[in-house]
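Participant: Line by line, the protein sequences are chains R and L. For the first sequence, our numbering begins at 1 and goes up steadily by one. For the second sequence, our numbering begins at 204 and goes up steadily by one.
Mixed in with the good hints, there may be bad ones.
[What the hints assert, rightly or not] Calculated lysine-lysine pairs in the PhoX-like style (CA-CA distance at most 25 Å, straight line): (1) R/Lys190 - L/Lys319; (2) R/Lys190 - L/Lys393; (3) R/Lys189 - L/Lys377; (4) R/Lys116 - L/Lys353; (5) L/Lys377 - R/Lys150; (6) L/Lys290 - R/Lys174; (7) R/Lys189 - L/Lys353; (8) R/Lys190 - L/Lys377; (9) R/Lys174 - L/Lys352; (10) L/Lys319 - R/Lys116; (11) L/Lys353 - R/Lys174; (12) R/Lys174 - L/Lys377; (13) R/Lys170 - L/Lys373; (14) R/Lys170 - L/Lys377; (15) R/Lys116 - R/Lys149; (16) L/Lys352 - R/Lys170; (17) L/Lys392 - R/Lys174; (18) R/Lys131 - L/Lys353.
[To be verified] Counterexamples of contact, computed for chain R against chain L with all Cβ distances above 10 Å: (19) Arg2; (20) Arg3; (21) Glu17; (22) Glu94; (23) Leu95; (24) Gln115; (25) Arg137; (26) Asp156; (27) Phe165; (28) Thr167; (29) Glu168.
[Stated by the list, open to error] Beta-carbon label-pair distances, calculated as ranges: (30) R/Asp135 - L/Lys392: 19 to 29 Å; (31) R/Pro127 - L/Arg403: 27 to 37 Å; (32) R/Ala146 - L/Ser367: 44 to 54 Å; (33) L/Ser367 - R/Lys170: 20 to 30 Å; (34) L/Ile391 - R/Glu175: 13 to 23 Å.
For the record, the hints were derived by calculation from the structure and aren't laboratory data. In this text, a Cβ means the ideal position worked out from N, Cα and C, and glycines have one as well.
Protein chains: 2
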Amino acid sequence: MRRIITVGREFGSGGREIGRRIAEELQIAYYDQEIITEIAKRTALSEAYIRQIEEKRPVVSFPIHIGHSFYLSPDPTFHPDLSIYTKQHDLLHELARKSDCVIVGRCADFILRDQKPIRIFFYADMPSKIKRCIDRRPVDENLSEAQMKKRIMEIDRSRAQYYSFFTEQKWGAKENFDLLANTSGTDIKKMSESLCSYIRAYY
Amino acid sequence: MRRIITVGREFGSGGREIGRRIAEELQIAYYDQEIITEIAKRTALSEAYIRQIEEKRPVVSFPIHIGHSFYLSPDPTFHPDLSIYTKQHDLLHELARKSDCVIVGRCADFILRDQKPIRIFFYADMPSKIKRCIDRRPVDENLSEAQMKKRIMEIDRSRAQYYSFFTEQKWGAKENFDLLANTSGTDIKKMSESLCSYIRAYY
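Let's have the full structure, built from the sequences with the hints guiding it.
Facilitator: Right, dumping it as structure tokens:
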């Protein structure tokens, strides 16, 4: 049975880091930015452009994040384009066929549902998410906590819109996941180890 | 660090069985009906009476479950009594001090929050819960699926009322738990093993 772990996460919950750690620990493929790169190669669209579309619901403009920090996207003229989603859909299926993997974001839990992935969602309370953003921010970022909170909420709102636009499901709702893990105040490394143990016992 | 696992669960999700299996596997104490018995001994109230109060929100009357099946409680004259909750509160603290343990229900996640338990909530989709109830029903129970569904919803509604009455929190909401596990279509024994692995790695 192919081990496919999909990761949904609130911004600042550490879910992406846990996903990467799980992939490393289990020695399986990890997809995140890689997917974007792959799509970009195939479509000859610029990676930055794809990244914008991918994390956004068409027609709305909002900040997206890159890496562990915030990033205010420029205000591009935006043309809703379902073909990006379709390409991503096909690519995810191809990747999941190829090998065991962890896939972060991209509605992978929904797109790959027939492959019976373990669908994990990470979340945390706001103070924990702000703390994580502060701990990991680049030296040139100096948002106040109030500004950070606003951005976190904007990003999560956009993820929720993106997710529900393509899946017609509620983002982060427990019925769409197998496991939801609260990272508030937890040690991310330790939680990754616990989840690896869970996954190993599961398969 | 004392290992305390609290289990919340939707009726029919198998959460209680998983709780028991975890306790057995980890060889730690398991509390469920035992708590009721203990309280009953101390207060000299009848166990059946306590059981009724415990699972109900004061002033409403509804069916409760015993074991793995449904049970229609008689319609007692009901006097809301916070002293039962207070006794239960003290008892849970005493039990948690005494040894590592799994505690199912009884708002233990809330009552013992300062002891930093792993707070797990189990849930499942309705078809899985109905299937589980059918698979485990006693020979003399012959509810239709529609009747079962109605009972499951009634019992869960009463659990939600009981929980929110005493905790002022929403029952089953992810912010009140560390881990939420979907048991739909899963092998309960296997899930118990996976969670044991998780818990072992956690502590």
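Participant: Next, verify each hint and record whether it holds.
Facilitator: Quick rundown of the hints versus the structure:
{"no.": "1", "hint": "R/Lys190 - L/Lys319", "verdict": "16 Å, holds"}
{"no.": "2", "hint": "R/Lys190 - L/Lys393", "verdict": "22 Å, holds"}
{"no.": "3", "hint": "R/Lys189 - L/Lys377", "verdict": "21 Å, holds"}
{"no.": "4", "hint": "R/Lys116 - L/Lys353", "verdict": "29 Å, violated"}
{"no.": "5", "hint": "L/Lys377 - R/Lys150", "verdict": "21 Å, holds"}
{"no.": "6", "hint": "L/Lys290 - R/Lys174", "verdict": "33 Å, violated"}
{"no.": "7", "hint": "R/Lys189 - L/Lys353", "verdict": "43 Å, violated"}
{"no.": "8", "hint": "R/Lys190 - L/Lys377", "verdict": "20 Å, holds"}
{"no.": "9", "hint": "R/Lys174 - L/Lys352", "verdict": "20 Å, holds"}
{"no.": "10", "hint": "L/Lys319 - R/Lys116", "verdict": "32 Å, violated"}
{"no.": "11", "hint": "L/Lys353 - R/Lys174", "verdict": "21 Å, holds"}
{"no.": "12", "hint": "R/Lys174 - L/Lys377", "verdict": "8 Å, holds"}
{"no.": "13", "hint": "R/Lys170 - L/Lys373", "verdict": "18 Å, holds"}
{"no.": "14", "hint": "R/Lys170 - L/Lys377", "verdict": "14 Å, holds"}
{"no.": "15", "hint": "R/Lys116 - R/Lys149", "verdict": "34 Å, violated"}
{"no.": "16", "hint": "L/Lys352 - R/Lys170", "verdict": "23 Å, holds"}
{"no.": "17", "hint": "L/Lys392 - R/Lys174", "verdict": "21 Å, holds"}
{"no.": "18", "hint": "R/Lys131 - L/Lys353", "verdict": "44 Å, violated"}
{"no.": "19", "hint": "Arg2", "verdict": "17 Å, holds"}
{"no.": "20", "hint": "Arg3", "verdict": "13 Å, holds"}
{"no.": "21", "hint": "Glu17", "verdict": "17 Å, holds"}
{"no.": "22", "hint": "Glu94", "verdict": "26 Å, holds"}
{"no.": "23", "hint": "Leu95", "verdict": "24 Å, holds"}
{"no.": "24", "hint": "Gln115", "verdict": "14 Å, holds"}
{"no.": "25", "hint": "Arg137", "verdict": "25 Å, holds"}
{"no.": "26", "hint": "Asp156", "verdict": "14 Å, holds"}
{"no.": "27", "hint": "Phe165", "verdict": "22 Å, holds"}
{"no.": "28", "hint": "Thr167", "verdict": "16 Å, holds"}
{"no.": "29", "hint": "Glu168", "verdict": "17 Å, holds"}
{"no.": "30", "hint": "R/Asp135 - L/Lys392: 19 to 29 Å", "verdict": "40 Å, violated"}
{"no.": "31", "hint": "R/Pro127 - L/Arg403: 27 to 37 Å", "verdict": "29 Å, holds"}
{"no.": "32", "hint": "R/Ala146 - L/Ser367: 44 to 54 Å", "verdict": "31 Å, violated"}
{"no.": "33", "hint": "L/Ser367 - R/Lys170: 20 to 30 Å", "verdict": "21 Å, holds"}
{"no.": "34", "hint": "L/Ile391 - R/Glu175: 13 to 23 Å", "verdict": "19 Å, holds"}
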